[in-house]
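S.K.: Listed below, chain by chain, are the residues.
There are 2 protein chains.
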Amino acid sequence: MVITGSNFFPESRVVFLEKAPDGRAQWEADAKVTGEKSKGASIVAEVPPYHNKSVTSAVQVQFYVCNGKRKRSQSQRFTYLPVRKIPLHWNWGLRR
Amino acid sequence: MVITGSNFFPESRVVFLEKAPDGRAQWEADAKVTGEKSKGASIVAEVPPYHNKSVTSAVQVQFYVCNGKRKRSQSQRFTYLPVRKIPLHWNWGLRR
Numbered sequence: 001m002v003i004t005g006s007n008f009f010p011e012s013r014v015v016f017l018e019k020a021p022d023g024r025a026q027w028e029a030d031a032k033v034t035g036e037k038s039k040g041a042s043i044v045a046e047v048p049p050y051h052n053k054s055v056t057s058a059v060q061v062q063f064y065v066c067n068g069k070r071k072r073s074q075s076q077r078f079t080y081l082p083v084r085k086i087p088l089h090w091n092w093g094l095r096r
Numbered sequence: 001m002v003i004t005g006s007n008f009f010p011e012s013r014v015v016f017l018e019k020a021p022d023g024r025a026q027w028e029a030d031a032k033v034t035g036e037k038s039k040g041a042s043i044v045a046e047v048p049p050y051h052n053k054s055v056t057s058a059v060q061v062q063f064y065v066c067n068g069k070r071k072r073s074q075s076q077r078f079t080y081l082p083v084r085k086i087p088l089h090w091n092w093g094l095r096r
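Residue numbers (UniProt numbering), protein chains in the order written: chain A, 1 to 96; chain B, 1 to 96.
The hints are simulated quantities; they were obtained by calculation from the structure and are not laboratory data. No false leads were slipped in.
Note that identical chains are pooled: a pair holds if it fits in a single copy or bridges any two copies.
DSBU-like, lysine-lysine: derived pairs with alpha carbons at most 35 Å apart:
| id | residue 1 | residue 2 |
| --- | --- | --- |
| 1 | K85 | K71 |
| 2 | K85 | K39 |
| 3 | K37 | K53 |
| 4 | K69 | K19 |
| 5 | K69 | K85 |
| 6 | K37 | K69 |
| 7 | K71 | K39 |
| 8 | K32 | K71 |
| 9 | K39 | K69 |
Model the full assembly from the supplied sequences, consistent with the hints where possible.
M.R.: Laid out in structure tokens, this is it:
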């Protein structure tokens, strides 16, 4: 995932966050920051795996960038999609 | 990515393939198989990164499962999407 903006550093944290209906954080995970480019105007991060691998519909979470205490970006939406199951067939029967 | 079907083994290879307009393979990569479940009826594989990270439109490739010489599944389509750049803003100005 590429995030564009400003004030990004290699030590910036990218935090993914899921909020419960009451507004409390019910899941939090750091994305692995793999690069920072163009004089701090973009940051590359690996999206952390969602905690529940068996969801069957899209899940909306948020993420923000954190440069230290009180230096936190606005939150942005991020949507996890359920795992697609791709059916596969074999040719054996046809080749007999 | 979860592939469903039959005859999947931990040693099955999942091969991604991009064909040139003339039908020749111009890129090939193995997906890392991370699991096999339900008595060989599904296989879990990590989609390999596309070779060109700077594509700006969707790219269609194929993949197949290979259990050894001449034991190859039919090909399935797979679409790589271009990297999304997510703009991010900081709250600092608002909090002054």
